[in-house]
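Trainee: If you want the building blocks of each chain, they are given just below.
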Amino acid sequence: MFKILVFLIVSFLIISTSLQAQWTVSGYSEFGDTNISEGVYIKMVPMLAYKLNSTQLDVVMRSDFKENHSNLISGYKVNLAQNFRVSNSMYKVETFYMKTAPTELMREKNLGVVFSAPKGHFDIKAGTNLRTIGHSKQAIKEYNLPTNDVLRENFNLMYQVSYDLRSALKSWNIGATWTNFDHLTIYQETNPIINIHGYYRIKQQIRLFAEVWYKTAGAINLSVNYYSSSLRTGFIWNLK
Amino acid sequence: MEFKIKIAFPIVIGFLLSLSSCNSKDFLAMFIEKESVNYRFDQSERSNNLNGFSTIEVPSDDYTLCIAADIHMGGISNFDKFLTDSKSLNVAAVIFNGDISNGNTADYQTLQQHLPDTKQMKYFSLVGNHDLFYNGWDEFHHLFGSATFYFSVKSPQASDLFICIDTGSGTLGIKQLDWLKNVLQEKRSLYRNCIVFTHSNLYRAKHSLTTNPMDEEVLIIMDLFTKYNINIVISGHEHTNAVAKFGNTTYITIDSMKDDNENAGYEKLTIKNGLIDYQFIKIQ
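Note that the protein sequences, when read in sequence, are chains A and B. First residue of the first sequence? That's 1 in our numbering, and the numbers climb one at a time after it. First residue of the second sequence? That's 1 in our numbering, and the numbers climb one at a time after it.
In case anyone wonders, no lab produced these hints; they're calculated from the structure. You may find that some hints are simply not true.
To give an idea of the interface, some chain B residues facing chain A are shown, with a C-beta separation under 10 Å as derived from the structure [stated by the list, open to error]: (1) Y203; (2) N229; (3) K245; (4) K282.
Taking lysine-lysine and the DSS-like style, the derived pairs with C-alpha atoms no more than 27 Å apart in a straight line are [said to hold, decoys possible]: (5) B:K175 x B:K206; (6) B:K187 x A:K141; (7) B:K206 x A:K125; (8) A:K66 x A:K119; (9) B:K206 x B:K154; (10) B:K119 x A:K109; (11) A:K51 x A:K170; (12) A:K99 x B:K206; (13) B:K81 x B:K119; (14) B:K175 x A:K66; (15) A:K66 x B:K227; (16) A:K119 x A:K203; (17) B:K119 x A:K137.
If you're wondering where the values come from, they're calculated on a predicted model, not measured in any experiment. Glycine residues also receive a C-beta, built at the ideal position from the N, C-alpha and C atoms.
Model the full assembly from the supplied sequences, consistent with the hints where possible.
Mentor: Next comes the structure, spelled out in structure tokens:
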């Protein structure tokens, strides 16, 4: 599956290089702890985006350098977005495929669609995803497990409400987000997570950003407990 | 603007209230941490060190356990019927799989009056999210001691291991997770079957608004269950019946045994010739 995706992405990029296009390279590192991380964890996430007119393709990868399960590539996501205008408002529809290896034996795949409606200082997203949890090939072999044995969760609700203090395109901004998903993580709708974020534009094409995330377990109808906090710092560089 | 606030406020409050899985709720506990799962684990450990872990000896290789979930005491009709049924089945033990109360002192007092005599029937209780409401942990700890423990059933031919974990807060916490890893590493190979009890369901069988443990933690726990060949994982919380097989592990969710639940019942677990059979029995 991964090889097919790489082939499709490379083909798409080769075909479209002669056209008017926008490349964006970005990435971040994340430090934090969770109830299960056995100390501080570090994640590195490089991202590449290619925008052609109103269509954008994003590829996101993740490396876990120190956690209870270290992995050079612990997950990837391919995201295809289409921007469109209705009356005077811009909207976006994104479809994505995501695969992660959260532990040695477990594999998670997600397929989803997200609708975005930025309005003034707000950006509101809503979508749904199909989650499939399975075992790795190594686990199936080593523990003599039935093949194609998976757990499915269909049509989970995805939501995100972001508010930025200043309007877009300013040299700096700060804001807050309430959501149940991130680049390579989707929680069930009853497990919301929050962040405070901000960026500073050091050049016209380059922005540095930081995000502080806070997660609880059991919010809303369990007896809530702290789960995780993390700091994320990174850059976004529009190449053209 | 004022009109919008008037409309939005009741909608938001109504939505938040509707997110609760059951009728009786401690609104504050849903948003503000009262006591951490690590604190509860420390207290459970002290109880374990003081009282040890139970071994139930049964005279036959075939034996039965009965498991009830989400009793939400207040009403005691189904609870009493469950105990009567269990007694007639001559069970090795009964397990209350969390949410035995709504956390109120009065619920725990009612419960105490109806618990069986341990000389006649062994029972074990897991803590559920509702048991923790209104400072319910103090009551639970006083009545049952530990919320994280294991027990074994020893029959003439073999012994089986039963592990009970505290998922009342949607996370095991690092201390309890370490404990679980150690128990599985040191004990699992000594026993024929291994069954894990957890109040919060790890696998969500249907789309609902009950909160489950964090996904990344669930996958780490499932990873352990695959690695250590856990036979069955039994949960409640969701107020539904569901069975899912994943790898060599069967994940069972049991419906609520509340008095006002039309489908109220309990799980009957029978070990026969070393094999585990499970059946949901409706309360008549």
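Trainee: With reference to the structure, classify each hint as holding or not holding.
Mentor: Hint check results:
Hint on B:Y203 holds. Least Cβ distance to chain A is approximately 6 Å, under the 10 Å limit. Interface hint status for B:N229: upheld, as the beta-carbon distance to the closest one in chain A is roughly 7 Å, under 10 Å. Checking B:K245 against chain A: minimum C-beta separation of about 7 Å stays under 10 Å; hint holds. The beta carbon of B:K282 is not positioned within 10 Å of any beta carbon in chain A (closest approach about 26 Å), and the interface hint is therefore violated.
Distance hint between B:K175 and B:K206 is unfulfilled; the C-alpha atoms sit about 30 Å from each other, more than 27 Å. Only pairs whose Cα atoms come within 27 Å are accepted, and B:K187 paired with A:K141 is accepted, the gap being roughly 24 Å. Simply put, B:K206 and A:K125 have alpha-carbon atoms about 24 Å apart, close enough for the 27 Å limit, and the pair holds. Taken as a hint, the A:K66 and A:K119 pair is broken in the structure, with Cα atoms around 39 Å apart against an allowance of 27 Å.
Between B:K206 and B:K154 the alpha-carbon distance is near 36 Å, which puts this suggested pair outside the 27 Å criterion. The straight-line distance between the Cα atoms of B:K119 and A:K109 is roughly 50 Å, outside the 27 Å bound, and the hint therefore fails. Restraint check for A:K51 and A:K170: the C-alpha separation of about 21 Å stays at or below 27 Å, so the hint holds. This hinted pair checks out: A:K99 and B:K206 have alpha carbons roughly 22 Å apart, not beyond 27 Å.
This hinted pair checks out: B:K81 and B:K119 have alpha carbons roughly 19 Å apart, not beyond 27 Å. This hinted pair checks out: B:K175 and A:K66 have alpha carbons roughly 19 Å apart, not beyond 27 Å. Using a Cα cut-off of 27 Å, the hinted pair A:K66 and B:K227 holds, with the two alpha carbons roughly 22 Å apart. Of the pairs offered as hints, the one joining A:K119 and A:K203 holds, with about 26 Å between alpha carbons and a cut-off of 27 Å not exceeded.
Pair hint B:K119 plus A:K137 does not hold up; C-alpha atoms about 49 Å apart against a cutoff of 27 Å.
Going through the hint list in order, the structure does not satisfy hints 4, 5, 8, 9, 10 and 17.
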